[in-house]
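For the record, the sequence lines run as chains V and F. Heads up: the first sequence runs through residues 43 to 239, numbered per the numbering used here. Heads up: the second sequence runs through residues 1212 to 1333, numbered per the numbering used here.
None of these hints come from the bench; they were simulated from the model. These numbers were taken from a predicted model, which means no experiment stands behind them. For glycine and all other residues, C-beta sits at the position ideal for the given N, C-alpha and C. It is possible that part of the hints are untrue.
[What the hints assert, rightly or not] In silico SDA-like cross-links for lysine to any residue, where the CA-CA straight-line distance does not exceed 20 angstroms:
| # | chain 1 | residue 1 | chain 2 | residue 2 |
| --- | --- | --- | --- | --- |
| 1 | V | Lys222 | F | Ala1249 |
| 2 | V | Lys108 | F | Ala1286 |
| 3 | V | Lys214 | V | Glu200 |
| 4 | V | Lys222 | F | Leu1263 |
| 5 | V | Lys222 | F | Gln1225 |
[As the list claims (entries may be wrong)] Covered stretches of chain F (in silico footprint by chain V; criterion: 3 or more residues with CB under 8 angstroms from a CB of chain V, positions within the stretch not fixed):
| # | segment |
| --- | --- |
| 6 | 1251-1257 |
| 7 | 1274-1288 |
| 8 | 1299-1311 |
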Amino acid sequence: MASDFGAAVPADIADLVAAAREGSRDAFDEIVRRTYVDTYTLAVRLTATEEDARDVVQEAYLRAWKGLRRFRGDAQFSTWMYRITANTAATVTSKRRRQRTVHLDEVADPVETEVAFHPELATENTELMARLSAALDELPPRLRTLVVLKDIYGLSHEDIAEELGISVTAAKVRLHRGRKRMRDLLYEEAGSHADAV
Amino acid sequence: MPTQCDEIAVLLPQVVDSAEPVSLPVQRHVESCLRCQAELARYRRMLRGLQLLRTQYFEPAPGMLAATLASITAASERRAVNSVLTKRRLAYAGAVAGAVAAAGTTTAALLLARAKRRTLPV
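Input sequences plus hints: build the corresponding full structure.
Written out as structure tokens, the structure reads:
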């Protein structure tokens, strides 16, 4: 989809955010275009369902548009968007928990954006990531959310706790349990494949 | 010393990324215990693998971007309509309040004038 900016599309996301904060819908649309694959990926990781992820993405961008004036710019926009997505995913999954029909098995396989230099390493990494993804999907949502936000997206305990409405201590405890469960899934239940990870 | 290893294994998920401080006895034990070193290495490999997942992206279904942008447009329009309606409601309420106040003032003035006429000596 072509941008409405014509030749004057700001290259930097920070410039787009500044324009959007001033009320430019065109700037915000451009931000959505540039970031929605990333946001969708996080939503899929958090919800483990394509259907919920779609809803999370739409709702997250709506919240971002409405709350853009509150974005102070002292953090990266991507981090701010991750926090909103995490908050939205928590709301959507709690609403949908009893109505779940589509599982991650039905979501298309992820696409790697960084190609490893060595082909054998790429194959190894692909296998590793497939096993990790499968283990993540096995985690209860409360634990999966912490592992995804902290260990994949690198959010701080404080940010995670704030968005999920829990204490920092609770966030740490959930992360601890999530990592332990992941370890058990990868190494104990994997049996002979344990050393592959 | 299995008991100590089991106790330390419980701590490893929170110390693996060095986010939490490790006590000196625990540190010393891990340095001298092959079992705990192997366990720590597993956690480290797992964390490195999780960080690699950051390089993977799920491809959204076709039309999702358009649907997302359309939902923002729809919400913006609803907000604009609500804003106009709210302003109109406020203007209407203000007009009604003004009319009521004017009517009240007039009535009060009339009553006052009538009362003055009654009290004046003939």
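Cross-check of the supplied hints:
no. : hint                      : result
1   : Lys222(V) with Ala1249(F) : holds, 15 angstroms
2   : Lys108(V) with Ala1286(F) : holds, 9 angstroms
3   : Lys214(V) with Glu200(V)  : holds, 10 angstroms
4   : Lys222(V) with Leu1263(F) : holds, 19 angstroms
5   : Lys222(V) with Gln1225(F) : holds, 9 angstroms
6   : 1251-1257                 : holds (count 4)
7   : 1274-1288                 : holds (count 11)
8   : 1299-1311                 : violated (count 0)
The structure fails hint 8 only (numbered hints given earlier).
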